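Novice: Numbering (the numbering used here), first residue to last: 1204 to 1604.
Worth flagging that the hints you see were computed from the coordinates, not collected in a lab. Keep in mind that this is a model prediction, so the values were computed, not measured. Positions of the beta carbon are idealized from the N, C-alpha and C atoms, including for glycine. A few of these clues could be false.
Okay, the calculated beta carbon distance ranges per label pair [to be verified]:
(1) Arg1431 / Ile1383: 14 to 22 Å
(2) Arg1437 / Ala1506: 39 to 47 Å
(3) Ser1398 / Ala1521: 37 to 45 Å
(4) Gln1534 / Glu1432: 28 to 36 Å
(5) Pro1493 / Arg1433: 50 to 58 Å
(6) Leu1436 / Pro1510: 29 to 37 Å
(7) Val1596 / Glu1458: 19 to 27 Å
(8) Arg1561 / Ala1531: 16 to 24 Å
(9) Asp1599 / Arg1431: 16 to 24 Å
(10) Ala1457 / Val1596: 22 to 30 Å
(11) Ile1383 / Glu1520: 53 to 61 Å
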Amino acid sequence: MGAGNLLSGRRDSNSGPHRPERCALPGCATPRSEGLSQARVAPRAIRVERDESADPVGHGLDLDVVQEPVGLEDLDGGVDAALDPCAEGVGARALERLTAHAAAAWANVPGQAVIERDPLRHSVRVADQPRRRKWVGWQDHPYGGYRCSVASRDEIVAFLDDHLDAGGYPDALPVGLQVIGAGDVRRVATGVSASLELFERAAAEGAQMLIVHHGLFWSSEPRRIGERERARLRCLFEHDLSLVAYHLALDAHAEVGNNALICRALGLTDPVGFGVHGDRTIGFLATADPPLSLPELLDRVRAEINPEPLVFDAGPEAIGRVAVISGAAAQDVLPAADAGADCFLTGEPREPVMAQAREAGIHFVAAGHYATEVFGVRALGDLLARRFGVEHVFIDVPNPI
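The task is simple: from the sequences and hints, build the whole structure.
Specialist: Here it is as structure tokens:
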């Protein structure tokens, strides 16, 4: 097929200005050629939005079907009729009507749906798979090929700030977006600690955004840009790479946080908050059911976290409760014992902890600062890949500490 015969939303290189009668893009309302308007392809997502700023009283609902081909006219009208225009949101009954009508009007629309709520856009999304982002180049066309999904940098950061409640934890570094890079993101890289090596490897991976647990600009570091800082920033700027950092908020999160994920990896259940920092907790006290012996627990630690943990075996034979705080939290061994833990797991030790553990009668396990904090950033990258359709690569820069 020659270039002049391709249907796309861009200007036709062989025929002058864009010809709307030939446009195959879903958002174009102009008449289409007869063959395209009757296309029958399953939509990838159905999004129902309420624009509160534009309609503060009526709460009108608007349907947007996100998919590649066109031919959605019948589904549009039917779903509009299935929704209550005065509803405050998309409730369970409205969702049932929406899904049922979609299944009836379009035989290959999945009958089950998941809901994604986006408070930043005042929207509820009903979908059978993650949101498709905009496309770049000729792959906008249904028959195009590169399929390189693009998401907004600012939209990603706003989602992460809100999802992690990043501002709710007093921290020693600025959290969220630390260094601004490309506005459009196709690939997200994640890693534990900011370093020139990590920046160079993220750039080599073709990432537009790098998310780390330990970022730049710590309050304990000199507040000047020396040669080391200059080299790091030069790498980020030259490759248009955004740097995003989440520290304590990522330790504490109940779904994608380091400590919650460690509990799950070790088979611990019923976690409750532990390890007070300010007015929040950043760790968890979880249950081993049935209780474990220390060798059994260490087998799990070696398999899931670090093959060579440092251990002070000063606790009871049966371990029923384990306190977990990733990173450098050895100072919490005594609060862990006071809270009823039989074992305290953290990343790295400090000199007094051996005697403290022995006197308190609690096992102490240091599984590595780095090794206990790979969990959160990796989970964040996977979350963004599912939600925004971007690519994710975790970059491992092993550290024995």
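Novice: Against this structure, judge whether each hint is valid.
Specialist: Going through the hints against the structure:
{"no.": "1", "hint": "Arg1431 / Ile1383: 14 to 22 Å", "verdict": "holds (20 Å)"}
{"no.": "2", "hint": "Arg1437 / Ala1506: 39 to 47 Å", "verdict": "holds (40 Å)"}
{"no.": "3", "hint": "Ser1398 / Ala1521: 37 to 45 Å", "verdict": "holds (42 Å)"}
{"no.": "4", "hint": "Gln1534 / Glu1432: 28 to 36 Å", "verdict": "holds (29 Å)"}
{"no.": "5", "hint": "Pro1493 / Arg1433: 50 to 58 Å", "verdict": "holds (55 Å)"}
{"no.": "6", "hint": "Leu1436 / Pro1510: 29 to 37 Å", "verdict": "holds (36 Å)"}
{"no.": "7", "hint": "Val1596 / Glu1458: 19 to 27 Å", "verdict": "holds (21 Å)"}
{"no.": "8", "hint": "Arg1561 / Ala1531: 16 to 24 Å", "verdict": "holds (21 Å)"}
{"no.": "9", "hint": "Asp1599 / Arg1431: 16 to 24 Å", "verdict": "holds (22 Å)"}
{"no.": "10", "hint": "Ala1457 / Val1596: 22 to 30 Å", "verdict": "holds (25 Å)"}
{"no.": "11", "hint": "Ile1383 / Glu1520: 53 to 61 Å", "verdict": "holds (54 Å)"}
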